[in-house]
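Read off the chains here:
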Amino acid sequence: MSEKTKVELEKTASDDETPAPPVESDERAPEGRGSVVGRLIGLVRSRPQLVAVVVLLVVALYVPFQLVPFRVFQFTMVMVYAVALLGLNLLVGHGGQISLGHGAFYAVGAYAAAIMMFHWDVPYPLTLPAAAVAAFVIGLALGVPATRLRGLYLALVTLAIAVFLVPLLKRFESVTGGSMGLSLEKPQPPAWTGLAEDQWLYLMVLAVTIVAFAGTYSMLRSRVGRALHSVRDNETAAEVMGVRPASYKRLAFAWSAMFAGVAGCLHTWTFAFVSPDSFTVNLSIMLLAGIVVGGLGSSWGPLLGGLFVMFVPSLSQDNNKAAPGMIFGLLIIAVMYVAPTGLAGLAGRAAQALNRKG
Amino acid sequence: MRSFGGGTVRGTAATAAVLLAATMLASCGGRGEDGGTQASGECQGQQTTGITDKTLKLGGVYPLSGPASAYGDIPKGIQAYFEYVNKEKGGLDGRQVEFVVRDDGYQPPKAVEEVRRLVEQEQVFALFQTLGTPSTTATWDYTNQRKVPQVFVATGASKWGADTKHPWTIGWQPNYISEARVYAKYLKTEKPNAKVAVLYQNDDFGEDLLGGFKKAIAGSQISIVAEQSYEVTDPSVEPQMRNLSGSDADVFLNITTPKFGSQALAADAKLTDWNPLHIVNNVAASITVLRPVGFENVQNVLSSTYYKDPVDPQWADDAEMKLYKAKMKQYQPNADPNVPYHAFGWAVADSFAKTFTAAKCKTREGLRDSMRNLNNVQVPMLLPGVTMTTSKDDGFPIESMQLMQLKGERWQLLGEVIDTRKEFGPLTG
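Residue numbers (my numbering), protein chains in the order written: chain A, 72 to 429; chain B, 500 to 928.
Next up, chain B with everything else stripped away, as it sits in the complex (with noise of 0.2 Å):
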């Protein structure tokens, strides 16, 4: 270790030298020259940065590295659907889609620096996901400021509809409170005087969930008695599991990702004296979860979905599946199409060429005018009978879900499609 001796500060020039050289690197391009372009004709003075006739630029911000890296298999799956796209149909009316992602490691700040890079730097035409609620947290205020679409947020926080102040941001996929009353809406029906425990994971998405469950329940017969949380960084649920079995509730409400998910199911099935209705949220209720718990522990036990599973044998004939594996097959061979967020992203790309495609004028105006003005648009890759309807006041594009039950070695799809939208109204803050 050395101080300030002599041959620091003959290194000094040096020095110096290299941190010049890392600024004049970075100095191309100058500050006033924004590279912004506008429409003309019709769509006059829109901005349409990113987009032209024979081309669409869009970039997505997701946690490739990190403690959340599952959800890195979206953009693939997103890839897949461009790429097919692109080569077997033209483009998206007749524009070569160019989707740039960016791995944000699950940091709002990186998210941050990823966002701006991909505006300013990639010039993209409109940010197609971010992924996470802080990060998306972190970024929408630029957007919106920017002017720039943020698409289909991947995230079920209900903020993105109830907020009135960021027009540019809007979420994709059912939001939790929207989940929680459809299962508000079977117990009601099905067991009126239910008796609730429920173990939940203490954050925004644990607490949106259970919130929106304890307003949907408000003013019948059933009753929460007992709750538990946990953090994302405990070893284990079992201690909760077990405070949990001392209630005499009928109904358990398993909010939480899928590695503790798992480990209520398990618990759930090593106590014997407490045998409750397991209802396990859609975030923990992939096949892959379930399976190290042993099939013949989690029969019955409900949850709900919107989109399709690939591996549910159900759909193995289904026209848009077996589209989807031969493209995946196709166009990502390294990639599983058997992943759920594989299908995911597919879904999600089909739903953005959807609303793309019906967007009046192809620039950034028209785009979010277009995702605030969706009506029952049909997406294959969703559940028959789930579709994508918003309005002005309506910031909310999927807000119906079916619940489904397991049986056997697969989820078997229970009763009819459930728009809560119809049945409790809509969302607000």
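This is chain A alone, in the form it adopts within the complex (with noise of 0.2 Å):
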């Protein structure tokens, strides 16, 4: 061995050692050590996922107090789909299966609610519970073909699932209000807090939308998130583990179908009307293209997928008034070119990009 060689390996071994300690930034800030900025800056490199979603929630506590109405409104809507994305992203992302007819489920617990409110003036709190298990018991059972089937075949099921149900509302009126559909009571803010009617549902819909994240986000890293992906990534693997494939995928497609359910209750209390036109097989269309944009298998891809929903469309009509399909059309494609794990992906490269060049 040369003195040369030598010394190179002498050399990568040091390289090795250097950036042993990344996480602690006191170390390369010297001059912010105990200073308020220098922790923050700490706190940022170390936890960045924790500090992102604190800062988010300070303003989403912050918007409904600083905006009009309708952008309140907007921004509600945003959240509901990113629940109901949320749901569609248990399916596709991490189990692996395919839905064409999420807007089925969301129609179920829209329904849901609206029923019970219409004819059985039930207090609106309650139809959370009642729309979630509806929804989810209604998935459990058209979860069956998703254990024996796959695929484009899956797509093909699930699809027929949102095209035979706007046709089904419109039949059974005296229940369903028919095409008229059911027009309710908005949800009124208690008197003791002062609020104005869009902040009201603004902040009940955040609420509801912080537990499904945080349910979802824990049951994912859990043991029920792991035998999900497993059953993904390699169903004879899994089953090999002592996972059982078929029970994991019926009940993906019923949580799954359990938050879109909870997502259409909260569209209920939005918008206090309910029609089949609401719930047709494009709005399943819709959430799919959401969540695939957003971001499939991604925490943060619901959020983006949400935002997409509810801004694109409009956005694209403000483009060009003649053809908005086309323009919101063309963006997809453009997302799924420069994006192909969605914008959760590309915020991520993006991230990547600017610390090389930093």
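Hints listed in this document are in silico derivations from the structure and should not be mistaken for laboratory results.
These numbers come from a predicted model, not from an experiment.
Ideal Cβ positions, reconstructed from N, Cα and C, are used throughout, including at glycine.
Warning: the hint list may mix true and false statements.
[To be verified] Derived SDA-like pairs (lysine to any residue); straight-line CA-CA distance at most 25 Å:
1. B/646 / A/136
2. B/758 / B/798
3. B/713 / A/244
4. B/646 / A/266
5. B/646 / A/261
6. B/859 / B/535
7. A/257 / B/641
8. B/658 / A/242
9. B/658 / A/244
10. B/646 / A/255
11. B/758 / A/234
12. B/664 / A/190
13. B/826 / B/836
14. B/556 / A/386
15. B/758 / A/249
16. B/664 / A/245
17. B/556 / A/318
18. B/556 / A/390
[Said to hold, decoys possible] Partial list, computed: chain A residues near chain B (C-beta under 8 Å):
19. 141
20. 238
21. 241
22. 342
23. 343
24. 346
25. 348
26. 349
27. 388
28. 396
[Stated by the list, open to error] Computed spacing ranges between beta-carbons, pair by pair:
29. B/665 / A/204: 31 to 37 Å
30. B/665 / A/112: 53 to 59 Å
31. B/790 / A/286: 40 to 46 Å
Work from the hints to combine the two standalone chains into their complex.
Below you can see the structure in the form of structure tokens.
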């Protein structure tokens, strides 16, 4: 062994050691030691996820008191879509299955809440768990084909559910209100809060959204989440490890339907009106497009997807009155081309690129 | 597909930044600044949002995309009318009209969003038309809460006039019940013992018309002997027609939208052993619906109407029709003036202009009161004898129609204009 290689070997060894404590930012920024700013920077570097969530929560709480009611309404809808997409993410992103019929489960939740409020005068907070249970049960039943079919076949079956629902809702007029739908009373804020109607709605939807996100987050980190991932990645291997693919697939379908149902219930609260035309096949396709564009399997995907579903159609309408659908389609293609892992993936890549430069 | 890996964590900050940017972008204009203005002087305290001495801003929501996008032609006629008024008449009472059109794709949640955008973001003076019964139902609680006029909504449901809790919303076209009354009136005099077979679309439109017909024939010798319904999603109504032909009905009431209207007409022509008097409702009575069936197969079919059909040769020399065709060519060169929806838009815009001009106070309250205080207002695009009349308890501007019969290749008006208000009394819930 020559001297040169020895030196090189030593050099690489020392290279390996230098970045050893990368998280302890105090080492890197000694001038900030003790100061508040320094600590904050340290926190951002060591726990970016946590800091981002906290900042986002602060902003989310600030929004309803600062923006005009129309914007508050829009962000309420972003969260409603995000909850639905959370469910779809569970199924498509983490379960590796596909659903072109999530609008149907959304409608089940919306109608369950509306029928309870309209016919039985159920106080609106109680409709949320009921809508969740209704969607869960129906999801569990319709999840049976999910255990036997995959890919295109499953896509077709779920699409059929979405197609079949609208005419079904128009029948049974005494219950569903037929094609006229049901008009309801909007949830009123309790007097002691002093909030406006739209602020109260926003805050309730925000609370549900936070619970939903926290719930899925912890679930995915548990045994269940790992089992889901293993089924998605390799069914045979999962089975060998003692995971039962059939039951997990069916459960993923039902959970996913449950989140869509919860979102549907929030939809009913927000609009105080349901009709079959609100839940066409288009909604199902928009939802699937939303989660794919937002970022499949990413924890931020549903939120970004919700923003996409809410804002992009009206943005594209601003740009081209004649063919808003075309602009929307082109945008989806563009996003998929530039960011195959969705907007969440794009954000990650942008951050990496910035890091490399800096 | 990635899960909660390192990449995701690194991207978190960037993702959050995207979300924050979206929030901040939307946050121009703070809460509490409503932007609303109020009148002074005689009309003190009334809302003047969206209106000045020189400008007037209106907003409309239509399905420019989606399954009902055929109706997206209506705003083109409206735009042509307002441009004509702006450029050649010095505006509406000296105000340049701006008409903002938004697309809801016939989806009620989208309609709610667009209506809120028009009211809060665009700060329109009034909503001039929302289209479709579901979309209007989804929005009228909001417009009435905000006290924004929702003028001449494009749907024939009877609820806009029958309701008393929404004084800010009003319809325009004859409601389906009035139309049903016109047919009932005709049958009572011409075929007092008629046995009627009905084909109807299973939604609010079909049920409104059929329900109105049943009420209108109550107490007479006329009876309904067969009923068949279809869904908008059905591929064909031929099975229903075969069932109906088994009845011994001598009148067939065709309550359908255009596509199914022409299917039913064609099926009736094919069923040679059943030859009832065929009545097709106004919605499906356009010449463009009848032509593919073959004019020789639809002779003597009955229908009713209330505004002038641009393809009807009897209006070729009509002053208003000539003006309409010239201005459509000038201001909407890409739109075909022969499409009846454009003429509909022109007529409804003219109606709005007359209602607005009549308002004592040029405020939202003034417009609200004016639209329920129309007294025999003439609109040249409507049939001669059809006028707009409303009052505090009467929220139906047009309740007169005229029967028409197909002769040769065009509709021929039949008899007199029928004022259903006079014949049947006022409409109540």
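Which hint numbers doesn't this structure obey?
Per hint list: 17, 31 violated.
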